[in-house]
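Peer 1: Sequence:
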Amino acid sequence: MSSLSRELVFLILQFLDEEKFKETVHKLEQESGFFFNMKYFEDEVHSGNWDEVEKYLSGFTKVDDNRYSMKIFFEIRKQKYLEALDKHDRSKAVEILVKDLKVFATFNEELFKEITQLLTLENFRENEQLSKYGDTKSARAIMLVELKKLIEANPLFRDKLQFPHLKNSRLRTLINQSLNWQHQLCKNPRPNPDIKTLFVDHTCGQPNGARAPSPANNPLLGSLPKAGGFPPLGAHGPFQPTPAPVPTPLWMSNPSTVTHPAVSGGPIGLGAPSIPAALKHPRTPPTNPSVDYPSGDSEHVAKRGRPMGISDEVNLPVNVLPVTFPGHGHSQAFNAPDDLPRTLVRNLTQGSSPMSMDFHPVQQTLLLVGTNVGDIGLWEVGSKEKLVSRNFKVWDLSACSMPLQAALAKDPGVSVNRIIWSPDGSLFGVAYSRHIVQIYSYHGGDDVRQHLEIDAHAGGVNDLAFSHPNKQLCVITCGDDKTIKVWDATNGTKQYTFEGHEAPVYSVCPHYKENIQFIFSTALDGKIKAWLYDNLGSRVDYDAPGRWCTTMAYSADGTRLFSCGTSKDGDSYIVEWNESEGAVKRTYQGFRKRSSGVVQFDTTKNRFLAAGDDFSIKFWDMDNIQLLTILDAEGGLPGLPASPRIRFNKDGTLLAVSANENSIKILANSDGLRLLRTFDNLSYDASRASESVTKPAINSISAAAAATSAGLADRGASVVAIAGMNGDARNMGDVKPRLAEETNDKSKIWKLTEINETSQCRSLRLQENLRITKISRLIYTNSGNAILALASNAIHFLWKWQRNDRNSSGKATATVSPQLWQPTSGILMTNDVADTNPEEAVPCFALSKNDSYVMSASGGKISLFNMMTFKTMTTFMPPPPAATFLAFHPQDNNIIAIGMDDSTIQIYNVRVDEVKSKLKGHSKRITGLAFSHVLNVLVSSGADAQLCVWSSDGWEKQKSRFLQVPAGRTSTGQSDTRVQFHQDQTHFLVVHETQLAIYEATKLDCVKQWVQREAAAPISHATFSCDSLLVYASFLDATVCVFSAANLRLRCRINPTAYLPASVSNSNVHPLVIAAHPQEPNQFALGLSDGGVCVFEPLESEGKWGVPPPVENGSASSVPATPSVGPSGSDQPQR
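Going by my numbering, the sequence shown opens with residue 1, and the numbers climb by one from there.
Watch out, some of these pointers could steer you wrong.
When the alpha-carbon atoms are kept at most 25 Å apart in a straight line, the in silico DSS-like pairs for lysine-lysine are as follows [to be verified]:
no., residue 1, residue 2
1, Lys605, Lys568
2, Lys861, Lys959
3, Lys71, Lys55
4, Lys62, Lys861
5, Lys78, Lys92
6, Lys386, Lys410
7, Lys20, Lys55
8, Lys92, Lys149
9, Lys80, Lys137
10, Lys27, Lys62
11, Lys959, Lys1003
12, Lys71, Lys113
13, Lys148, Lys71
14, Lys871, Lys800
15, Lys800, Lys751
16, Lys568, Lys160
17, Lys149, Lys55
18, Lys160, Lys132
19, Lys918, Lys800
Using C-beta positions, here's what the derived DEER-type ranges look like [unchecked claim]:
no., residue 1, residue 2, range
20, Gln626, Asp557, 20 to 26 Å
21, Pro880, Glu114, 25 to 31 Å
22, Lys148, Glu502, 28 to 34 Å
23, Thr24, Ser3, 42 to 48 Å
24, Lys92, Lys137, 17 to 23 Å
25, Glu502, Val816, 31 to 37 Å
26, Glu502, Asn606, 30 to 36 Å
27, Gly48, Gly413, 52 to 58 Å
28, Gly413, Gln767, 26 to 32 Å
29, Gly459, Asp534, 24 to 30 Å
30, Thr136, Asp159, 48 to 54 Å
To be clear, the hints were calculated from the coordinates, so they are not data collected in a lab. Glycine is no exception: its CB is placed at the ideal position from the N, C-alpha and C atoms.
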């Protein structure tokens, strides 16, 4: 079923519930299997309606699906059996034993015997294990607690336990919109259309030239509920609601009675001084536990009573992702990959773990960082230069309170809880885990000066923000002493202290609506409060989802309020609030269960939300509760003990993400790439300039602000003027955008770059202690500091680079030799080889995203190894058939796609040790698998030269196509076909011995192709560079070619004499596999047929592998970053 059809079922469920068709609602829930109504399930269990309980469950799982399901059914049937025994109804108990419980005897015969023996007891409580069994009611309640845990842990119920957050009567609204639209299409619209049926399209029967009012509230559909109270804050759009008599935002006088699970009702908003006395005090209206389906605000109703025309919901662009709903588009639909910062462009090594980050509001490539040891750093992301580094110290210890002095004397350790710029970027504040706040002034470049030091709170200072109440810049802090304080940012005098929280205050969020300035605050007991700049106490007392660590943030335009919270159990929530009603407007879905640490979030472009969770960054469109996309920033993001910390710059073009090994990854979208390329261009030009270029001095930050406000035409130029230049093109970042290097002087004749000598590139052959026959598989770890190889003798080898004076980053490089690493135990990671000859087997392996374990096979069982200890954690799936390719699911490391030598693909769940699906479509063994987490598809390739696309939701086959083998060419019967997704996750590279090709995944169209000449050596392997701008290909004649990925044109050729000693260069030694570095786009490694591994980088003076040939119109700068559709097989040069 398509995604739209699935959503239609949810709309029908909401409609049936609103119309009180209770039995039908639950029947549809069960038959569709889309939403498991826990409230209904609890009610049926409490009532002891066991037949209905099992019938309802059957829509979602069966007894033998997995161990969770088995335990669920066992607990229910055991309870039913005990209740029959308790009533001394032996015949009923025997019937339950035979019909319901006997099925479990095959799994645990001893347990079944013990259950049977209960029949012989007068009171089953004589059994020691059942001695504490109370009455029926309490036993059902205890069992229900266990059942809920099992259901939540059961992967079959994943994403089925929460109903989508919909506005009231959403189906009615859509029908009304349709009727409005139909009425607009009437040739002679009547002023009072008589709509009597929905079965056919509406037309007005009698001609009438008058324009008719909207039939939105036609009696046929019933009147829609009216929005009560005052208009919502920040109302916008073409039709403004009638203003309230008081020109300031007021409390909703009639808060909605529809509340949300786990969130208590109560208004969030800010009162004017004339608010009713009863609303001045904190209150939390009771929840309504009878509401099964959370319904959102009825804000849309206020927009519907219009004299004429289509409702504004129809006029607004519909945010439908083309990749989510294939075949369903919209002229204004957005494409998430283009708008979101997705490309890894920089990797900054901070030195200690980043705790808080903030981009400068004007110079948007300046990044502030505060760490877990109290250090602060200021980075110019464009040049990768660390402008400022400060270690924590108290500026004036004598001015500090005695408790702080005593605490620091006992333990000097301190962490940064928050670092943030002031609105104009002239100041920044640092909140520490010990009492104090430090405010610095910033004067451009590396000129940072001490401004204020405030002993702000007893205990930690948990958050800090700047605000402008009464047109005066203030600093707002909150802390462990349960208070919020407001300080003058000029002289540090305290202006307000807000008391009322009963737990440490975790975060503050200042804002203003119209002329009212206020502060939201959250505490560790989950309470949200709001304060005006007066001493009249809190205006809000509200429970945040999760009821523990919560932060709040507005969209950039200040019209939408969001919060992100994590509970003590690790459950995380992002919600949007309806300020006027004090209710949760929508709850976003997609967090993993039991997040590690407190999840942080950010907003950007009035359009997107992002949060760090589960070794990745998750994105949502603000108007859609479903997850938009997930990025892993090419690996290395933290998952334990904390989630990644993230921060957008003001324009949303750059995203900073904390990563492992005390580093920060910078992601960019196309605008961010252009912004950073300014630095690359300058570096490129500076290296060729005849005169020396000095770094310009900046006297004041105000100069930059003035330049910006003056409207400089070239924003990049203003940034460069502030930040300076760097003549070393290799220091521009880890994944370096290419712009200047791609442009060619038309007056020069392009020539292919040939590398024939060792002096023309940097290459390093890695040491080997054991004689290896050949390297079968090769991969860099996701962190980029090691290379893992699988040899043909089924043994793995791991080379690790160490951080030292010659290699400060600790990343893989061709200039420093790594260590062939083994644990102290001396064991090797060796695959099971069964009865096969490993030299003849097809080896395969896959590395987990966090580099913690590798799954591997060499013709025998699949082995799971711990990468730290090299111990075998488990083995499974003994042949036949044997595994020939492995791929981890991008969103769940427990799901693996396994290609087999019998041509099938098995979708295997490691957690439950179960094959979930078996995919059939190929006729020969599987040689390649690749997931797209954007399209939610799996692409497979086989020795049959066939490509197949499978949905990763239901695992059905969507398309298949045979490779376009050139006429007259025949490939060997067992030749490999490999696939790898481009960074855009919609195109993929196909590698065959005869050709390289770029395919588009949704239509399986070949958009570019490079075909090897018939007499030339076959291709042995190929891969994208980490930024997908290059393709590295190895050949059986030992040459290596570098292509521009945009058009598959050859730009550089490395001949075997450049890396093979003369003694072997004429022998049959050649590369079998090639791997690209995960962060350095110009680094790759080869696995050779003689057991060697070689790492390659261009010379530092070059910084790249050749230059691309000019395109037909003479301008290489027009080459797109992603493959463009064009003629295939016509533009490849001869090798």
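Peer 1: The structure should be examined with respect to each hint, and the outcome stated for every one.
Peer 2: Hint by hint, here is what the structure shows:
1. Lys605 with Lys568: With a Cα-Cα distance of about 31 Å, the restraint between Lys605 and Lys568 is violated, given a limit of 25 Å.
2. Lys861 with Lys959: violated (31 Å)
3. Lys71 with Lys55: With Cα atoms ~16 Å apart, Lys71 and Lys55 stay inside 25 Å; holds.
4. Lys62 with Lys861: violated (29 Å)
5. Lys78 with Lys92: holds (13 Å)
6. Lys386 with Lys410: violated (32 Å)
7. Lys20 with Lys55: Since the Cα atoms of Lys20 and Lys55 sit roughly 21 Å apart, the hinted pair holds (cutoff 25 Å).
8. Lys92 with Lys149: violated (29 Å)
9. Lys80 with Lys137: Since the Cα atoms of Lys80 and Lys137 sit roughly 12 Å apart, the hinted pair holds (cutoff 25 Å).
10. Lys27 with Lys62: Given that 25 Å is the threshold and the Cα spacing comes to 17 Å, the pair holds.
11. Lys959 with Lys1003: At roughly 8 Å apart (the allowed maximum being 25 Å), Lys1003 and Lys959 satisfy the hint.
12. Lys71 with Lys113: holds (17 Å)
13. Lys148 with Lys71: holds (12 Å)
14. Lys871 with Lys800: Measuring from Cα to Cα gives roughly 18 Å; hence the hint holds.
15. Lys800 with Lys751: violated (37 Å)
16. Lys568 with Lys160: Holds: Lys568 and Lys160 sit about 23 Å apart, inside 25 Å.
17. Lys149 with Lys55: Satisfied, since the Cα-Cα distance of roughly 20 Å is no more than 25 Å.
18. Lys160 with Lys132: violated (34 Å)
19. Lys918 with Lys800: Measuring from Cα to Cα gives roughly 37 Å; hence the hint is violated.
20. Gln626 with Asp557: 20 to 26 Å: holds (23 Å)
21. Pro880 with Glu114: 25 to 31 Å: violated (40 Å)
22. Lys148 with Glu502: 28 to 34 Å: For Glu502 against Lys148, whose Cβ atoms are near 29 Å apart, the range 28 to 34 Å holds.
23. Thr24 with Ser3: 42 to 48 Å: The hinted range 42 to 48 Å is violated for Thr24 and Ser3, with Cβ atoms some 23 Å apart.
24. Lys92 with Lys137: 17 to 23 Å: Since Lys92 and Lys137 have Cβ atoms about 19 Å apart, the given range 17 to 23 Å holds.
25. Glu502 with Val816: 31 to 37 Å: violated (56 Å)
26. Glu502 with Asn606: 30 to 36 Å: holds (35 Å)
27. Gly48 with Gly413: 52 to 58 Å: holds (57 Å)
28. Gly413 with Gln767: 26 to 32 Å: For Gly413 and Gln767 the Cβ distance comes to about 40 Å; the hint is violated.
29. Gly459 with Asp534: 24 to 30 Å: About 26 Å separates the Cβ atoms of Gly459 and Asp534, which means 24 to 30 Å holds.
30. Thr136 with Asp159: 48 to 54 Å: This hint is violated: roughly 34 Å between Cβ atoms.
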